[in-house]
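Enquirer: Take the sequences, apply the hints, and build the full model.
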Amino acid sequence: MSSQVAETAYTAGDASTMQCLVFQVGSEVFAIEIHTVREIIQYAGITMVPQMPAFVRGVVNLRGAVVPVIDVRARFSGLKSTVGKRTSIIVIDAVVEGGHAPLGLLVDAVTEVVAFTQQNIVVPPQFGTVIPKDFIRGMGKFGDEFLPIIDPARAFDIEEMALLVEHDR
Amino acid sequence: MSYGTDSDSDKEFIAQAMPAFISEAAEQIEAIETLLLELEEQPDNRDLLDSLFRCAHTVKGSAGIFGLNRVVEFTHHVETLLDKMRDGDIALKPDISTLLLQCNDQIKFLVDTAADESADTPEQKDTRADLVIQLRAHTEGPEPAVVGSAAPTAALGATGATVATGPCVWSISARFGMETFRNGMDPLSIARYLSGMGRVVSVRSGVDTVPALVNLNPESCYLSFAMELETAATREDIEGAFSFVLDDCQFDVVAPETQDRKLARAIEEMPETPRLGAMLVSVGAVSQDKLDQVLSTQQQTRGMPSVGKPKLGDLLEAQAGVAPEVVAAAVAKQQKLRDNAPSEERYIRVQADRLDAVINLLGELVIAGAGATLLARATHHVSLIEANLQMNGLIEEIRNGTLGLRMVPVGETFSRFRRVVRDTASSLGKEVNFEIVGGDAELDKSMVEKIADPLMHLVRNSLDHGLETPQERLAAGKSRAGHLTLSARHETGAILIRIDDDGRGINRERVLQRAWNRGLVEQGVVPSDNDINMLIFEPGFSTAEQVTNLSGRGVGMDVVRRNIEALRGSIRLNSHPGVGLQVDIRLPLTLAIIDGFLVGVGASKFVLPLESVVEVIEAADQHTLVDASGRHVLELRGAILPVVRLRTLYTIESSPPDRVSVVVVNSPRGKFGIEVDVLLGQHQTVVKPLGSLFKSLRGISGSSILGSGEVALILDVESLGALVTAEQQSAASRAELPLGTPVVQQVKAIASV
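Quick note, the sequences are listed as chains A and V, same order.
Each residue of the first sequence is one higher than the one before, starting from 1 at the first, in the numbering used here.
Each residue of the second sequence is one higher than the one before, starting from 1 at the first, in the numbering used here.
Any given hint could turn out to be false.
FRET-style restraints, in silico, Cβ to Cβ [what the hints assert, rightly or not]:
#  : chain 1 : residue 1 : chain 2 : residue 2 : range
1  : V       : Arg562    : A       : Val113    : 40 to 48 Å
2  : V       : Gly600    : A       : Val95     : 33 to 41 Å
3  : V       : Glu522    : A       : Lys85     : 56 to 64 Å
4  : A       : His100    : V       : Pro470    : 52 to 60 Å
5  : A       : Glu166    : V       : Leu680    : 25 to 33 Å
6  : A       : Glu166    : V       : Arg659    : 31 to 39 Å
7  : A       : Gly143    : V       : Gly600    : 43 to 51 Å
8  : V       : Gly681    : A       : Lys85     : 51 to 59 Å
9  : A       : Leu163    : V       : Glu491    : 47 to 55 Å
10 : V       : Arg377    : A       : Lys80     : 34 to 42 Å
11 : V       : Pro656    : A       : Val83     : 21 to 29 Å
Each computed DSS-like pair below joins lysine-lysine, with the alpha-carbon atoms no more than 30 Å apart [said to hold, decoys possible]:
#  : chain 1 : residue 1 : chain 2 : residue 2
12 : V       : Lys695    : A       : Lys80
13 : V       : Lys93     : A       : Lys133
14 : V       : Lys478    : V       : Lys93
15 : V       : Lys478    : V       : Lys108
16 : V       : Lys108    : V       : Lys445
17 : V       : Lys108    : V       : Lys93
Note that these hints are calculated values from the structure, not bench results.
Every residue gets a Cβ at the ideal spot worked out from N, C-alpha and C, and that includes glycine.
Expert: Pasting the structure below:
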């Protein structure tokens, strides 16, 4: 039975599996559902936007579109991340006022793509998660540990973040 | 497979075309209203009257196609009255104008409810019947039949103003539009009617535009006819025969005249025959032999430079003895055909999102062009740089042209208010002179649409609350009629719309009392005059003692302000109690592309709207002084200029250079300086909105991508000017608040990051 599970877990496109992109923020590892991800770009040329809280890193030119970039570490912990060799920007499709708009997530590293079967995803614990429970869709079993699968609609809710920006000033 | 009958497919067609008809009719109805109001001011303007008639006629005609009999019947009565006015039998008096405006409303109602018979309530039917009775009263007696009315006039022609000297031969030529049949007209009936006026000497029907059978649409009209008519009728009578097909027909009535003149006419009437010679041959101005001869002469000159080369027309004049007048007509016709091939379709309806897509692409093109120029400069390859410059010049032209497509004069929106003002004033028993100034100032179409409602509300408010009744005005020593001016003008990258009245202004005591009562302001606290004025924009505020149906419900003014602020605009009141009120609305032009001035501070780049830049001065650092309130100031030609330091304001981490530059900008709050490190020159700026995440950001209106791929932020001069004054306070309050407090409170920190 268990061998069967492992087999299906890595079959791409299967309806019963959830493909996720795994990324690192500080020493923590998170996953995000792959169909919300548009692309991953190298960290380069972020334009700072003045008077913004730490979690708004700035804007970046994505082939002619100006895309805001969220510092995921600052968003989750309040600490600004430092740019390293493997720093990347994950561009996701964020929901804004009914439509979609690209949103960049600054992460320390993007590591791999994994697929979780439904059996391998459990509800997040009531307490003890490194980030608020609201931000997590579920915990995916990954080797011996459980990875928090981020719910981008909540963790990076543009309207909520815009309110934070407004109150910060 | 569907076996739909003809009537089914007809219904389908009508259902499909109906929305287009309704929107087109709505435009015509709007035009009628505008024309009526203009006509009130200049009753003798014949052109206005003609356009008015045409509009009404178009509505009637297209309603006929859709079988909207109610519209056709009713509009017909209106048309009859208008026709009488055109004939000069009836003058436009205020009561007729009012009647026609009411009729126009009725037509609008009928068109709007075209698809829904049940909306036509008995009350509406009564109103309509009443209007018809009034219309008939003006047109005197029962409405005469179409043909019958003109015929007796024809008989009376001899006694008319234009005295006809016995029967003579008129040349009449008419070319009908493709839509003639579909509009319910028939060229044959016109020909018959004409023949009833006298003796037809000859009639010839033109079949030159009839296409091959496969291409022939049996419902389209391809016909034209030329007729020689011997009649005692006057030109007006003959032209009258065409009065119902004015839109569909080009016709010409030519008095007995010289042969040359006739030939020239014939050429003008000709369909698309592009060759000059062929044109002349077909009307008989020159024989084919003669033409060949002349053409061969022209052939011999082929080698000559085109400037000195004799033109065919000149040769024909000189060698074949063709009258200059005839040649001129043929040349003009040729030119006309080249210039405006489809002259009927002057306007094209385009979906707004298609236009937006083009403008977006154009934005990309501007960026790409700037990038290419940058690369070309790096190569130092002169011809490459030149080619790039030329291309950029063209891109700029396309840019201006395309953006122009989006721009509409605000006057169109403004003139809609004439009616509102007229009706509102009369229902309030007030007299008002309404004036529109600067209606040709252009604004983005989407802006115009969004600003119409708030403006309407403000105009109504001025009429209702601002202007006094004639008695009150006279008592206050003012003229009997109030003045209301709606003006628009461009002002440093923005448009300023001003509503100016000479009414009583804002009664600050009453506003304050009301604000106290409603708890908007704490009891006993007296804010500044301006703050009191602005209280009228607070939700749930209303000072009208009696709630009228026009304004005073306390909703609206706050919505007005919200709508204007949503457009990144601002509203300001300038009230002089007893003298009048000025409402200033300042809106950005929200152009997709602006001319910008690029500056740099540290690694950051900023764009200033070029229109707001007054001058640039180079200032050594020590020249900036600090005034008593801690603001940076600069002495500029003896005057004190406040200066914003972008480095300090935006906490840009970089060491300041030895010498800095100050860009002096003009804002509605006055001139101020912006201190920057480097000036990077003029830059075509494609405005990219920053998105809702940054909506609370002040001082920056958007972003732009530079040729290098970097993102530059566009400074908003007005809100930056506001920041200059508020800088000190906010800097102080910021210091007290720990940075990013809400974030920390909300989320638990990653323990070992």
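Enquirer: Identify every previously stated hint that the structure contradicts and give their numbers, smallest first.
Expert: Failing hints, ascending: 8, 9, 13, 15.
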